[in-house]
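Novice: Protein sequence lines correspond, in order, to chains A and B. For the record, in the first sequence the residue sitting at position 90 is 90 according to the numbering used here, with numbers rising by one throughout. Offset between the second sequence (1-based) and the numbering used here: plus 403.
Treat the hints as calculated values from the structure; they're not laboratory data. Owing to the predicted nature of the structure, the values given are computational and were not obtained by experimental measurement. We put the CB at the ideal spot given by N, CA and C, even for glycine. Keep in mind that the hints are not guaranteed to be accurate.
Covered, in the sense of this in silico footprint (three residues per stretch, anywhere, with C-beta under 8 Å from a C-beta of chain B), are these stretches of chain A [said to hold, decoys possible]:
| # | segment |
| --- | --- |
| 1 | 10-20 |
| 2 | 84-98 |
| 3 | 120-133 |
| 4 | 182-191 |
Quick list of the computed label-pair ranges, beta carbon to beta carbon [claimed, not checked]:
| # | chain 1 | residue 1 | chain 2 | residue 2 | range |
| --- | --- | --- | --- | --- | --- |
| 5 | B | Arg579 | A | Met268 | 38 to 48 Å |
| 6 | A | Ser33 | B | Phe576 | 36 to 46 Å |
| 7 | A | Asn205 | B | Gly438 | 41 to 51 Å |
| 8 | A | Ile354 | B | Arg579 | 34 to 44 Å |
| 9 | A | Ile354 | B | Ala410 | 25 to 35 Å |
| 10 | A | Ala286 | B | Lys697 | 24 to 34 Å |
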Amino acid sequence: MSEAKETLLTGLVALLLFAPLTGVSLEGYGLNSHWQNPFLLAGMAMIGRLLLGRLRGLRLPAGLAEYDWQTRLQRPILAVVVIAALIFPWLVGKYWLNVATLALIYVLLALGLNIVVGLAGLLDLGFVAFYAVGAYFYALGFKYLDLSFWIALPGGALLAGVCGMLLGFPVLRMHGDYLAIVTLGFGEIVRLVLNNWIDFTNGPNGVRAPFPSFFGLDFSRHPMPGKSSFHQFFNLPYSSIHKEIFLFFLLFIVVCGMVYFVRRLRRMPLGRAWEALREDEIACRALGINHVTVKLSAFGIGAMTGGIGGAFFAASQGFVNPTSFTFMESAHILAIVVLGGMGSTAGVIGAAVILTVLPEALRDFAEYRGLLFGCAMVMMMIWRPRGLLRSRRALFRREQRAC
Amino acid sequence: MTGHIFAQQAVNGLVLGSVYGLIAVGYTMVYGIIGMINFAHGEIYMIAAYLTAIFLAGLTLLGLQSPPLAILLVLAATIACTALYGWSVERIAYRPLRHANRLAPLISAIGISLILQNYVRLSQGARTQGIPSILDGGFHLFASGPDAFVRLTHAQLLIVVTAIISMFLLHFFIARTAMGRACRAVQQDRVMASLLGVNTDRVIAIVFVLGAGMAAVAGVLVTLNYGSFDFFIGFVAGIKAFTAAVLGGIGSLPGAMLGGVVLGLAESFFSGFVNTDYKDVFAFSLLVLVLIFKPSGLLGVPEVEKV
Chain A
1 MSEAKETLLT
11 GLVALLLFAP
21 LTGVSLEGYG
31 LNSHWQNPFL
41 LAGMAMIGRL
51 LLGRLRGLRL
61 PAGLAEYDWQ
71 TRLQRPILAV
81 VVIAALIFPW
91 LVGKYWLNVA
101 TLALIYVLLA
111 LGLNIVVGLA
121 GLLDLGFVAF
131 YAVGAYFYAL
141 GFKYLDLSFW
151 IALPGGALLA
161 GVCGMLLGFP
171 VLRMHGDYLA
181 IVTLGFGEIV
191 RLVLNNWIDF
201 TNGPNGVRAP
211 FPSFFGLDFS
221 RHPMPGKSSF
231 HQFFNLPYSS
241 IHKEIFLFFL
251 LFIVVCGMVY
261 FVRRLRRMPL
271 GRAWEALRED
281 EIACRALGIN
291 HVTVKLSAFG
301 IGAMTGGIGG
311 AFFAASQGFV
321 NPTSFTFMES
331 AHILAIVVLG
341 GMGSTAGVIG
351 AAVILTVLPE
361 ALRDFAEYRG
371 LLFGCAMVMM
381 MIWRPRGLLR
391 SRRALFRREQ
401 RAC
Chain B
404 MTGHIFAQQA
414 VNGLVLGSVY
424 GLIAVGYTMV
434 YGIIGMINFA
444 HGEIYMIAAY
454 LTAIFLAGLT
464 LLGLQSPPLA
474 ILLVLAATIA
484 CTALYGWSVE
494 RIAYRPLRHA
504 NRLAPLISAI
514 GISLILQNYV
524 RLSQGARTQG
534 IPSILDGGFH
544 LFASGPDAFV
554 RLTHAQLLIV
564 VTAIISMFLL
574 HFFIARTAMG
584 RACRAVQQDR
594 VMASLLGVNT
604 DRVIAIVFVL
614 GAGMAAVAGV
624 LVTLNYGSFD
634 FFIGFVAGIK
644 AFTAAVLGGI
654 GSLPGAMLGG
664 VVLGLAESFF
674 SGFVNTDYKD
684 VFAFSLLVLV
694 LIFKPSGLLG
704 VPEVEKV
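Okay, chain A solo, but in the shape it has when bound (with noise of 0.2 Å):
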């Protein structure tokens, strides 16, 4: 078919699409009339179509795809980013900084999810569910048993690991599309419970977390009489922000934890086999790998990272309640995953920072979120499935001389 008459019919079909959903839309019973938005979209559909076609030969110029930015700029990058990150937070106010503190959460989160999905190849729609049990047993732990921050953190992160590990081990022996399905059954399930279970969780209204101590001293203004707070113990003037920056810290502390830890997992034998049965399931079992125990240890660490990502939230929260845990959640994870390049490390970092300030940044932006992510992730599916900067795989090369 020839380029105009594809154009056409593109036009011609987007306008069959567009216009009973765009060009009118229901007010009551009736019809408000927006007749001019479906011409408009068939238009773009149309222009889009067009460039497509001449995009269609366009590749990146060699030396900017083949560059290899992560052994190259390794260092220089982590200095920076360490760096700005001391810096950070003396320099900006208090929301500024729940707003980082936001990013590192979702850092947290995508690290964890990268390893299921990006390392393991398996497609995890729940992953909002284990975040809320690192949630909710720091906030209900700390209602009825009175658990502190530093008992909920890794018993938060054990159990989602549990949860995950108890999930994952029937549904992994079947073929992997089943897990989307399951975990975003069990993302629901864990909400719905959440939610109905008035008397233990408080349903809707939610449950109070407290503000973790530094070592055992707390950050209020006041502390309890016999207790001594933060700002007495240092003889410093008390702030508000000191706990924020303090979160910021901590969390960043776990961060690079983790980033370490991922670093390190990729090069041991169980990196290397998630990476492999992502590629080749059935070549692994035939090598003996045993493909249940090898994906249900990324499906568990990647779990108790969510829980570990669910208590901090909780915590610089200081409340939770199920609308933090819908489905939108999961897809927003994921969309970070993707977007970052699955399996690349640097990349989802950097995908996690910018998809959650830019929302803050940009108002206007957090009303198309969900409908820009959903076109980022199919075109990135189609034109680059391994990220924008694609992650190299570490390999053993044979040292490049001159001759």
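Put chain B on the given structure of chain A with help from the hints.
Specialist: Just chain B now, with coordinates in the frame of chain A:
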């Protein structure tokens, strides 16, 4: 009295189950033919619900008064438009990924699902919408007293009858027409079918169109029956219909309908006799349990992975 409640829940479950079955057909056919879970299928159903309301409002504005004619026209227009959505989704998001790795089409499907949800939310607003009820009345069956009867509304009857007719037509198409034979051939062995001259891309497109059409039938019927919907209904309906497809044996058409009815009945009895708040939890747990203990479903054949 308990007998009446039981019978009433059975009627409700049957109605619900027919709807699940109609949506499940789309999952099961797509899974059978290209082996992927089409996560965007629930959103196709949601779009059909919106289209129903829009076309109905349009017909009312044009001055059409007769309910049967309006229902027929709305059904035809919604099926056509929704089928076009199904076709476009396949063309844009799945066809380029035919030879990509296993994860790519799934993620693309999630992306499409987000796109469709937000597209409807932005164009039609986030609030719950409704349509005026145009199908009133019903029958009282087994009436033995002022409160002792089983109610079957006209809308419910319409759902069951239309579901049966649609399934019969679909079965006829798959079993008796040349295109249907091509569909079965592609399902059995795509490479061999294409070597024998079957246009596999077209067959796959047809399967998406058929699945979307069946989801459209479900969307129209549910909207006529319940009258209210929002942009998020596709999510839960999608998971439940998928549960129905798995329950009946994924890849099997009669299985999808059977699974839908079984799930509808189970859910209806659960919410009638146990607890309404947890009916979704019950349905999702059923999905997990079926996948664990009988992944091949009621009518499916065990899956053997070939190299």
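Novice: Flag every earlier hint the structure violates by its number, smallest first.
Specialist: 2, 5, 8 and 9
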